[in-house]
Structures are given as structure tokens and as C-alpha cells.
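Protein chains in written order, with this note's numbering: chain A, 1 to 479; chain B, 480 to 574.
If you are wondering where the hints come from, they were derived from the structure by calculation, not from laboratory data.
Keep in mind that a hint or two might mislead.
As a list, the in silico EDC-like pairs of lysine to aspartate or glutamate whose alpha-carbon atoms are at most 16 Å apart [said to hold, decoys possible]: (1) A/89 / A/256; (2) A/173 / A/277; (3) A/217 / A/155; (4) A/217 / A/256; (5) B/545 / A/299; (6) A/372 / A/327; (7) A/132 / B/509; (8) B/545 / A/54.
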Amino acid sequence: MTVWETVIGLEIHVRLLTCSKLFSGASTTYGAEPNSLACAVDLGLPGVLPMVNEEVFRKAVRFGLGVNAEISRCSVFDRKNYFYPDLPKGYQISQLYLPVVSKGELEINVGDGNSSKVIGITRAHLEEDAGKSLHEDFAGMSGIDLNRAGTPLLEIVSEPDMRSASEAVAYMKAMHTLVRYLEISDGNMQEGSFRCDANVSVRAQGQAEFGTRTEIKNLNSFRFVERAINHEVERQTDILENGGEVMQETRLYDSDRDETRSMRSKEEANDYRYFPDPDLLPVIIDDAYIEAVRQFMPELPNAKRNRFIQELGLSAYDAAVLTGSREIADYYEAVLAEAGEARLSANWVIVELVGALNSDGLDIRQSPVSAKRLGGLIRRIDDNTISGKIGKQIFRQMWCSEDDADTIIEARGLRQITDNSAIEDMIDKVLADSPRQVEQYRAGQKKVLGYFVGQVMRASQGRANPQQVNGILRSRLKN
Amino acid sequence: MVLSGAQVRDIAWLARLQIDEADIGQYAAELSRVLELIRQMNEVDTDDVIAMAHPTDAVQRLRADKVTEVDQREKLQALAPLAESGLYLVPRVIE
Numbered sequence: 001m002t003v004w005e006t007v008i009g010l011e012i013h014v015r016l017l018t019c020s021k022l023f024s025g026a027s028t029t030y031g032a033e034p035n036s037l038a039c040a041v042d043l044g045l046p047g048v049l050p051m052v053n054e055e056v057f058r059k060a061v062r063f064g065l066g067v068n069a070e071i072s073r074c075s076v077f078d079r080k081n082y083f084y085p086d087l088p089k090g091y092q093i094s095q096l097y098l099p100v101v102s103k104g105e106l107e108i109n110v111g112d113g114n115s116s117k118v119i120g121i122t123r124a125h126l127e128e129d130a131g132k133s134l135h136e137d138f139a140g141m142s143g144i145d146l147n148r149a150g151t152p153l154l155e156i157v158s159e160p161d162m163r164s165a166s167e168a169v170a171y172m173k174a175m176h177t178l179v180r181y182l183e184i185s186d187g188n189m190q191e192g193s194f195r196c197d198a199n200v201s202v203r204a205q206g207q208a209e210f211g212t213r214t215e216i217k218n219l220n221s222f223r224f225v226e227r228a229i230n231h232e233v234e235r236q237t238d239i240l241e242n243g244g245e246v247m248q249e250t251r252l253y254d255s256d257r258d259e260t261r262s263m264r265s266k267e268e269a270n271d272y273r274y275f276p277d278p279d280l281l282p283v284i285i286d287d288a289y290i291e292a293v294r295q296f297m298p299e300l301p302n303a304k305r306n307r308f309i310q311e312l313g314l315s316a317y318d319a320a321v322l323t324g325s326r327e328i329a330d331y332y333e334a335v336l337a338e339a340g341e342a343r344l345s346a347n348w349v350i351v352e353l354v355g356a357l358n359s360d361g362l363d364i365r366q367s368p369v370s371a372k373r374l375g376g377l378i379r380r381i382d383d384n385t386i387s388g389k390i391g392k393q394i395f396r397q398m399w400c401s402e403d404d405a406d407t408i409i410e411a412r413g414l415r416q417i418t419d420n421s422a423i424e425d426m427i428d429k430v431l432a433d434s435p436r437q438v439e440q441y442r443a444g445q446k447k448v449l450g451y452f453v454g455q456v457m458r459a460s461q462g463r464a465n466p467q468q469v470n471g472i473l474r475s476r477l478k479n
Numbered sequence: 480m481v482l483s484g485a486q487v488r489d490i491a492w493l494a495r496l497q498i499d500e501a502d503i504g505q506y507a508a509e510l511s512r513v514l515e516l517i518r519q520m521n522e523v524d525t526d527d528v529i530a531m532a533h534p535t536d537a538v539q540r541l542r543a544d545k546v547t548e549v550d551q552r553e554k555l556q557a558l559a560p561l562a563e564s565g566l567y568l569v570p571r572v573i574e
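Given only the sequences and the hints, what does the whole structure look like? Please build it.
This is how it looks when you write it as C-alpha cells:
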């Protein structure tokens, strides 16, 4: 039986964070009144000319540096011609021949998360977004909102380097994390700031050439990408196993029915008649510009993850969780700056903080406990002022108040008892009250030690230092 | 290369141009002359020539990322054949 191999390449459209549009001074604010942000340039009225937004190039160069790519010193805009009412000019200004970024790469985590794979990035080019068509409620007409028209997009095209739906998702997630670290996009998938098309084909394992591919459009969540690709691979494999041929076509993913269906075949494919836009001159990017952008590059997710593992001694899992978004990484580093203990801080952020955020349905940016306050609490655990268990009680109080850990410790008398003589007194009392258990212990039932520890901890209301309790108990029971 | 009437109709469809059947012969002849010119240009050896993006040597000036437009929806929509609830209305594009 033939073993089939899946080949996937992704095209990701990222909306760049700018105040104004790519070629006009209209605002890019999401969710405004229809057409209130569509100016004469966005409407493609006769006589208007595009004016290029500098910030768009700064962000594109930032992206190029982030994926270790070549930045074009000369970048040219082309017209992609097609007819659709939400594209009033009759062409989209894009970049075909000389894109701003080419030949980059992005490392992704695959399999168990401990191995990695490098995915090639063919190119990333700038283009303007189209408007929106609304097909309901207009008595047989379509309503057009051109607020989105002219919003800057960076289209990132990968090499066909992915071999499974889960690799495609890993790549998409890594890209999503990256653009948010770079602060070039908000990555908001509900608002369409991060959208994906997938090119999928199947071939017999060992076959050198690729199979015929289909392009799946309209993938706007990680879950849909995985489901749509798996579905499409199954569809293509069925065709091939029955001796059929896959048709090159564009398919649309329908998330309600969990299926892809044909949009248009190769024969009906648009001839876009690309040509350089005569309204726009080449954009020249010199080395000084690139170096100026490089100076403000943040630490990137993969570099940060490696540093967390190598310099802070975190596990690969913890480092991956803590670098999963820029927000959680920034939070963790702020906690660490306050607490000074990397692994204890990691544990608190991942288990207690993220757990509490999840159960309250909050984003880390909305955390009721600031990184500074959490760091202060961890410092008190690390210096043995309190035990970890008391720490959790204090954390819950911090969650519902503005108090810092020290205030709560003092107000409630939670300071850990580390005074040997005080602990010895408590131990002596527990031993005197438990003659039968002492006898059992001395007869060889060492498990009973746990009972004594429990009694002492209860007597101290959890405040005795457990290590000290253990040590003193053992020496007391020897005699 | 001489264009056929069918090819002229295809090109007109791609460009969303409405043309008279009676004019197709003339279009075919004129467009064929354009293609002949391009054929001649294609004979020039351009292997070592970098493609020209623009006929002048000028480079694009960039503008700062500032919002400079104000909402002129009322005026702009007065130019449109049909508008409703702030939307431009067009013949329905999908079924």
C-alpha cells in the first residue's frame, strides 16, 4: 500500500499596525461607521494618487530582520488587476517582482516540542487590503464598506516545507507569536489582522516532484487550519487511491460544515495582468535605514526561549510556555527582576498565575496581581519568610486586594516560624501527646514521621518551616 | 500573431469592456499590430538588462504615518448611484 506524504505551504496575511493606510492618510481604526474612513484615494476616484506610508516599510524591514531574511534595497509596487466591487480601483497595489523581503526562515517546535524544524520563507510583500462586501438585507443588492480598503498588509509566503497539519499550525503559531513580539501587528484573528491560506498537496512517499496542489482560503483560526488541512489531505488521498487525479483549484473552507468546497478551478483562474504601478516610484532602502531599524529589534521568541533554558535553567516546557506570547514573557521577566529566583518564579507564573487567570477568564494583561506584587511574594518564599503553602493563601488574598505580600504577612502574622526553640517546643508537645506513635516509629515504622510533621504544622497553623520541623523531629526521635 | 475574434471577445471580458460585434474585426487587426510590436521588442537580447520599474530615475518619497483625512462620507456618497446605511450599494455579486 502506498504511504502518502502531505506537503503544505502557507500564505499568511498580517495587518500591519499603523495609524493611517498604506497609500492614504485615512485612519485604520477597526470597527468604525461604514465608509467613514474611506477617503477619495481609498475609493479610487479619478485623479487621485497614492502616497506611500513610511511606517509600513519600517515594519516590513523589522519583520525581515526577525526572520533573518534579505531586505530588498529596491522595492517596487505592482498592480494586480481584478474586478470585484470591494476593490474600487479595479486593481490591488501589491508587490510581485521585487518584494520588500525575501529568503527568510522561521524555526518551529515540532513533535513533542523538544525538536525543532526550520521553515523557509520565500518572500513577504506589501499590499493593500480590500473592502468588505455585505450580501444581506439590501433587496438583491450588495452593500460595500471600504473602511478596510487600503489598510496595509504584509503577505508572508512560506516554502512548501511543512509535512503535516500540526506542523502547519506550529508554523502559524510561531509566526503569530513573532509578529506580536515585533509589534508589527496586533495579530487579532477575530478582526482579520492575521489570516491564512494553505497550499496543500499529497504525494507518494519518496516521490521527488510535488503532487497537484489546491489552495484553501479563509482560514482564520489555528483550529480551522488544522481541520481544513486534515480534511483536504483526506479528500486528496481518497482521489489518488481510487486512481483519480487531483484538480488544481481554489477551495473555500466552511467551518460550519467542516469541509472544503471548490471556489474556482485553474481554467477559471484570474489572469491578474501584473505590471509595475506607474503611479509609484521604486522605494529605496539603504543600509543606514536597515541598521536604524535593527537597533530597535526586541529579543525574539526563539532567542528568548533558548536564553531561558540556558541561562535561567528552565525546562524546555516552561521556557516554551513563558515565551508563548510577548505579554507572558514580559510579565515573567518583571516577576524575575523582583523575585530573583528563576525556576520558582517560572513555577508561580505558569501554575498559580495562569491557573487563576484561566479560571477567571482573564488575559495576562488584565491580571489583578501585578508582576511586581507577585515577585514580592515569591521573594518571601525564597527567603523563607513564608512557606509555599502559605504563599498560595497570600496569593489568593492578593488576587482580591491591592495589598502586597509583606503587608499581608505582617497584618495576618503569617511569618514562618524559623526559631529553633519555638519549633522544638511544639515538637516536644506533639511527641508527648502521641506516645503510641512514638513507639511505632521507634519500632521501625518510619512512615509515622509524616504524622508528626502534620501535627506540628497544624499546631503552628502552617507557619513552621517544614525542613526544620523534619530535621528536629528526626534527631528528637533518635533518642 | 493575428488575434481571432474569439480572443478579442475574451480580452474584452477580462477588461470588463462592452464591445460591438461589428467592431471586432477592427479590434483584432489593431491589437494584432500591438502584438507585432511586442514581438519585435522581444527579439532584443535583454539578458544583461535589469528590468525597469519606472521610466524616470526618481525614487519614491515616503510620507509620515499620520491621519490627515477627515470623514467626507456624505459628500462622497452623494456621487454614488446608490448608498444606504452608510454602504455603497452595487448589483449583488454572489448568489
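16 Å Cα cutoff - pair residue 217 of chain A, residue 155 of chain A: holds, 14 Å
Are residue 217 of chain A and residue 256 of chain A close enough, with their CA atoms no more than 16 Å apart? Measuring from Cα to Cα gives roughly 15 Å; hence the hint holds.
So if I understand the rule, the pair passes when the alpha-carbon distance is 16 Å or less; does residue 545 of chain B with residue 54 of chain A pass? holds, 10 Å
Starting from residue 132 of chain A, check that the Cα of residue 509 of chain B is at most 16 Å away, please. Violated: residue 132 of chain A and residue 509 of chain B sit about 39 Å apart, past 16 Å.
Given the hint that residue 89 of chain A pairs with residue 256 of chain A, does the C-alpha gap stay at or below 16 Å? Since the Cα atoms of residue 89 of chain A and residue 256 of chain A sit roughly 33 Å apart, the hinted pair is violated (cutoff 16 Å).
Take the C-alpha atoms of residue 545 of chain B and residue 299 of chain A, compute the straight-line distance between them, and say whether it is at most 16 Å. With a Cα-Cα distance of about 28 Å, the restraint between residue 545 of chain B and residue 299 of chain A is violated, given a limit of 16 Å.
Quickly compare the C-alpha distance for residue 372 of chain A and residue 327 of chain A to 16 Å and report which way the hint goes. holds, 15 Å
Checking one constraint from the list: CA of residue 173 of chain A to CA of residue 277 of chain A, max 16 Å. Satisfied? This hinted pair is violated, its Cα atoms lying about 34 Å apart.
The structure does not agree with the numbered hints 1, 2, 5, 7 stated previously, though it agrees with the rest.
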